[in-house]
Every structure is written in C-alpha cells, then in structure tokens.
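*Asks:* Residue numbers (the working numbering), protein chains in the order written: chain U, 6 to 245; chain W, 53 to 123; chain H, 11 to 231.
No lab work stands behind these hints: they were computed from the structure.
Backbone N, C-alpha and C define an ideal beta-carbon position, used for all residues, glycine too.
Accuracy of the hints is not assured; some may be wrong.
Each pair of labels, with its calculated beta carbon distance range [as the list claims (entries may be wrong)]:
| no. | chain 1 | residue 1 | chain 2 | residue 2 | range |
| --- | --- | --- | --- | --- | --- |
| 1 | H | A145 | U | A28 | 58 to 68 Å |
| 2 | H | V135 | U | Y49 | 45 to 55 Å |
| 3 | U | R86 | H | Q86 | 28 to 38 Å |
| 4 | H | I50 | U | P200 | 41 to 51 Å |
| 5 | W | G66 | H | V37 | 52 to 62 Å |
Listed below, chain by chain, are the residues.
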Amino acid sequence: MHRFANPARFARLAAAITPWSAALTGLLFAVGLTLALIASPPDYQQGETVRIMYVHVPAAWMSMLVYLVVAAGSASALVWRHPLGDIVARAASPVGAGFTLLALLTGSLWGKPMWGTWWVWDARLTSVLVLFFLYLGHIALLHAFDDAARGARAAAILAVAGIINLPIIKFSVDWWNTLHQPASISRLGWPAIDPAILRPLLVMAAAYLAYFITLLMVRVRAELAVAKLRGLRAALLARS
Amino acid sequence: MDALNRFIDMGGYGGFIWAAYAAAALVLILLWLFSWRSLRRSEGELAQLDRRLPGRKGGQGRTAETARGQA
Amino acid sequence: MTYFVALLRRDLRLALRQGFDAALVIVFFVLAAILFPFAIGPDPRLLGPIAGGVVWVTAMLASLLSLERLFLADYQDGALDLLALAPEPLSAIVLAKVAAHWLTTGLPLIVATPLVGILLGAPAVSILPLLASLALGTPTLSLVGAIGAGLSLGARRGGVLIPLLVLPLYLPVLIFGAAAVEAGTSGASLYAPLAILGALLLAALPLAPLAAAAAVRNALR
Numbered sequence: 006m007h008r009f010a011n012p013a014r015f016a017r018l019a020a021a022i023t024p025w026s027a028a029l030t031g032l033l034f035a036v037g038l039t040l041a042l043i044a045s046p047p048d049y050q051q052g053e054t055v056r057i058m059y060v061h062v063p064a065a066w067m068s069m070l071v072y073l074v075v076a077a078g079s080a081s082a083l084v085w086r087h088p089l090g091d092i093v094a095r096a097a098s099p100v101g102a103g104f105t106l107l108a109l110l111t112g113s114l115w116g117k118p119m120w121g122t123w124w125v126w127d128a129r130l131t132s133v134l135v136l137f138f139l140y141l142g143h144i145a146l147l148h149a150f151d152d153a154a155r156g157a158r159a160a161a162i163l164a165v166a167g168i169i170n171l172p173i174i175k176f177s178v179d180w181w182n183t184l185h186q187p188a189s190i191s192r193l194g195w196p197a198i199d200p201a202i203l204r205p206l207l208v209m210a211a212a213y214l215a216y217f218i219t220l221l222m223v224r225v226r227a228e229l230a231v232a233k234l235r236g237l238r239a240a241l242l243a244r245s
Numbered sequence: 053m054d055a056l057n058r059f060i061d062m063g064g065y066g067g068f069i070w071a072a073y074a075a076a077a078l079v080l081i082l083l084w085l086f087s088w089r090s091l092r093r094s095e096g097e098l099a100q101l102d103r104r105l106p107g108r109k110g111g112q113g114r115t116a117e118t119a120r121g122q123a
Numbered sequence: 011m012t013y014f015v016a017l018l019r020r021d022l023r024l025a026l027r028q029g030f031d032a033a034l035v036i037v038f039f040v041l042a043a044i045l046f047p048f049a050i051g052p053d054p055r056l057l058g059p060i061a062g063g064v065v066w067v068t069a070m071l072a073s074l075l076s077l078e079r080l081f082l083a084d085y086q087d088g089a090l091d092l093l094a095l096a097p098e099p100l101s102a103i104v105l106a107k108v109a110a111h112w113l114t115t116g117l118p119l120i121v122a123t124p125l126v127g128i129l130l131g132a133p134a135v136s137i138l139p140l141l142a143s144l145a146l147g148t149p150t151l152s153l154v155g156a157i158g159a160g161l162s163l164g165a166r167r168g169g170v171l172i173p174l175l176v177l178p179l180y181l182p183v184l185i186f187g188a189a190a191v192e193a194g195t196s197g198a199s200l201y202a203p204l205a206i207l208g209a210l211l212l213a214a215l216p217l218a219p220l221a222a223a224a225a226v227r228n229a230l231r
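Full structure from sequences and hints, please.
*Replies:* Structure (structure tokens):
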C-alpha cells in the first residue's frame with residue numbers, strides 16, 4: 006500500500022499498465038461474446054434468454070465488487086489517511102453506478118420474457134436497486150459541498166456506513182423476498198450449473214473485471230491530473 | 053442467410069437479447085469515452101501549464117526528478 | 011452521565027419550545043396516511059391489509075422530516091462548535107440529541123399510531139405488533155437518521171439530500187417492522203422480526219453516534 010502512496014509514481018505505473026489491461030479487456034470480451042452469443046447452447050429451461058444472463062449477472066457482481074472498492078478506498082482515507090483512498094473512491098463510484106444501472110436494465114429485459122413483466126421484485130434485482138441508490142447518495146454527497154475535500158470526507162463516511170449496512174440490507178431483502186414470494190417465482194433464474202453455462206458467464210465476468218480495472222486506472226489518472234492542475238494553478242496565482 | 057436470420061431471431065427472444073447486449077455496449081462504451089476524454093483534457097491542460105512554467109514540474113514530480121538526479 | 015442528562019434536558023426544552031415542530035410531525039403523519047383511502051378507495055378489504063405498511067412508511071417519512079433540524083440550529087448559531095470543543099466525546103453529545111429527537115418525534119408517532127390504525131381500518135390484532143415494532147424501530151430510525159443529518163450539514167440542498175442518504179439505510183428497519191405486523195396479523199410468531207429489530211437497535215446504538223460525530227466534525231472543520 007505504501008508503495009502506491011506516491012501519487013506521481015502511481016500515475017506513472019497506471020499509465021504503463023493501462024494499454025496491457027485494455028488489451029486484456031478486449032481479448033476477454035471477444036472470447037466472452039463469442040461464447041455467450043455463438044459458442045454456447047440455449048438453456049433447456051430458459052431457452053435463448055439465458056444469454057441475457059451473461060451480461061446481467063456479471064454487471065450485478067461488479068456493482069457489488071465496485072462498492073467494496075469504494076468502501077475500501079474510503080476506509081483507507083478515513084482511518085490511515087491514505088492519499089489515494091479518496092481518489093479511488095471518487096473514481097470508482099460512477100463506474101459502480103453504471104454497472105448497477107446496467108444490471109437493472111438487463112434484469113428488466115430478462116424478466117419480461119421470463120415472467121411477463123418489466124420488473125420483478127426478486128431478491129437480486131431488489132438488492133441491486135437499493136445499491137443503485139447507495140451509489141447515487143455517495144455521488145451526490147461528493148458534489149454537494151463547495152469544498153471538495155469536505156465532500157470527499159462526508160462521502161467516505163457514508164461509504165463506510167453503507168458497507169456495514171450492505172450485508173444487513175441483503176439479509177433483509179432476502180427475508181422480505183421469502184416472506185412474500187409467490188410460489189411460482191424462484192430465485193430469478195439460476196439455471197442448472199452446467200459448464201456450458203458457466204464458461205461464458207465466467208469469461209464475461211472476467212471481461213467486466215478487466216474493464217473495471219482499466220477504467221479505474223484511467224479515471225484515477227484523470228483525478229490525479231486534476232489535483233495537480235489545481236496545485237499548479239494556485240502556484241501560478243501566487244506568483245503573479 | 054437463413055442461419056443469420058435464425059441467429060438474430062434467437063428463438064423469438066431476439067428483441068430482448070439484442071437490447072440487453074446493446075444496453076451493455078452503450079453503458080460500457082459511454083463510460084469509457086467520458087473517462088478517456090476527461091483524462092485527455094486534464095493531461096492536455098497539464099502539459100500546457102508545464103510549458104508556461106519552464107523548469108517547474110509541481111510537487112511530487114519535482115521531488116522525484118531531483119531525487120533521481122541525486123541517485 | 012450528568013452531562014448527558016443535562017444535554018438531553020436542554021435539547022428537550024428547546025424542542026418542546028418548538029412544540030410546533032413535534033405537532034407538525036404528527037399532523038404530517040396523519041395527513042399522509044389518510045391520503046391512501048383517497049388514492050385507492052375506502053374499501054376496507056383493500057385498506058386493511060396494507061394499513062400496517064402504510065403506517066410504517068408514513069412514520070418513516072415523518073421522522074425524516076424532522077432530521078434536518080437535528081443539528082442545523084446549533085450548527086448555524088455556533089453552539090455546535092462549542093459542543094465539539096467540550097471534554098465529553100462528540101458521540102455522547104450526538105446520542106443526547108438523538109434521544110431528544112426520538113422523544114419529540116418517534117414517541118408522538120407511536121402515540122398517534124392507534125388513531126391512524128383505526129382510520130385505515132387496520133385489523134385489531136395488528137395494532138399491538140405495530141406498536142411494538144415501532145417502539146423498537148423508531149429509535150433506530152432516529153439513530154441512523156442522525157448520520158444523514160450530520161453528513162448533509164453545510165451541504166447545498168441539505169434537506170433534499172438527507173432522504174437520499176438515509177432511506178437505503180432505513181430499509182432493513184422497515185422490512186422487519188412490516189414483517190412484525192404481518193406476523194401479528196397472520197397469527198405467526200412475532201419473535202423473529204422483533205428480535206431482529208432489537209438487534210438492529212443494539213447495533214445502531216454504539217455505531218451510529220460514532221459515524222454521525224465524524225460527519226459533524228467534518229462539517230465543523
């Protein structure tokens with residue numbers, strides 16, 4: 006961690022890694038999409054609609070993983086005053102919100118042919134919906150203060166409070182779901198764990214992960230550049 | 053041609069499936085575009101400022117340079 | 011301890027002086043609840059089953075209304091700065107404020123609940139579970155709400171921000187509160203949902219003031 010504490014060194018490291026990470030992302034998507042759309046059979050229960058799962062489930066997974074990243078960055082900024090913590094949290098949050106939105110959209114598109122309605126209050130979709138609002142709150146807090154540092158700190162506190170709450174929220178949503186579950190709707194669509202289904206799913210998940218890492222590095226570099234700009238402009242003003 | 057039509061039709065669910073993949077492509081590409089553009093813009097402005105302040109590279113950069121120079 | 015009590019009494023006095031605020035919460039609670047018969051019709055077969063849920067939701071929203079003022083007055087006139095400098099930990103001060111908030115918001119809501127229950131045609135057997143769940147749940151709402159109130163101090167549009175921050179955190183309390191009412195109505199055991207509500211309260215009691223104090227300190231910086 007301390008190796009990454011120097012923002013300039015981190016920016017140089019990130020710039021070096023980015024092209025490789027981007028290439029890996031491209032490769033994983035190429036393989037993943039081929040597997041998902043062409044080289045895999047339809048599910049015996051869900052038919053072709055199982056293919057939507059290959060873009061939906063990884064998005065849901067990533068939305069939760071990215072929240073962990075935001076919380077980790079926030080915690081490291083709050084507890085250890087790690088200089089990159091706030092920056093990682095700020096950079097990752099909109100990406101997490103994007104994954105969440107994607108999970109909701111694709112989940113809706115999956116639900117319509119499966120259950121006949123555009124929205125289903127199943128445990129996973131509902132948890133993702135709540136997560137979406139956690140992200141919105143985090144982003145709103147980041148931008149709600151004239152002083153950016155104050156906003157970063159407030160957002161960090163919210164992120165840590167949110168991550169403590171997240172298992173509680175998941176638990177409550179699962180409870181609520183089993184309480185009200187109509188007999189026909191089971192947990193939205195885990196088909197039989199078949200290697201033919203698992204393969205495209207895992208490759209797409211890896212592609213999403215590589216995409217996130219690449220994007221995170223680009224966004225962190227951008228944040229670092231903006232911070233540096235602010236410093237330089239202040240220095241210029243001081244000199245004039 | 054017929055195989056292609058069957059592929060696009062996806063057993064009647066083509067609309068939903070392609071919409072889902074299009075949504076994924078849209079979100080991921082847009083996020084990438086915004087992020088990349090923001091990076092380009094900030095680095096461009098940084099390069100401009102560096103030209104206006106010859107010899108100064110700001111905080112950490114300078115420390116790293118002088119540290120390397122002394123190594 | 012005496013400091014805590016002193017602070018509690020001070021906040022209570024201030025709140026009761028603005029008895030208007032406590033009354034406002036109750037009026038909103040009743041008003042929002044009686045919107046439902048207008049919206050979905052007065053058929054007791056429709057209203058009765060949802061009455062418990064409506065009470066819980068409108069109680070939550072009414073509690074939200076009064077959160078912004080938790081720290082705002084003291085923040086604006088500088089009293090919060092002085093309180094932060096006191097030797098007592100800021101989280102103890104937050105706890106006292108939360109207690110005053112609950113006594114002037116949550117408690118009146120609980121007292122007004124049987125009336126609203128009658129207006130909405132809640133089954134008689136559901137009233138007691140409703141009161142029990144509110145008794146365990148509303149303190150948690152005040153505790154968690156304090157985090158939102160602290161975080162939005164000094165923010166632009168703080169009032170609109172608080173619900174966005176706080177409602178996702180409120181969700182577990184709502185779910186188990188409603189589950190308790192559901193259990194009571196259907197004759198199932200109340201133990202599990204009430205126990206979980208109790209556990210949430212016990213968890214929030216030490217943790218929420220810590221987070222809220224950190225948020226307040228950030229705003230005072």
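*Asks:* Against the earlier hints, flag every one the structure doesn't satisfy and list their numbers going up.
*Replies:* Result: no hint breaks.
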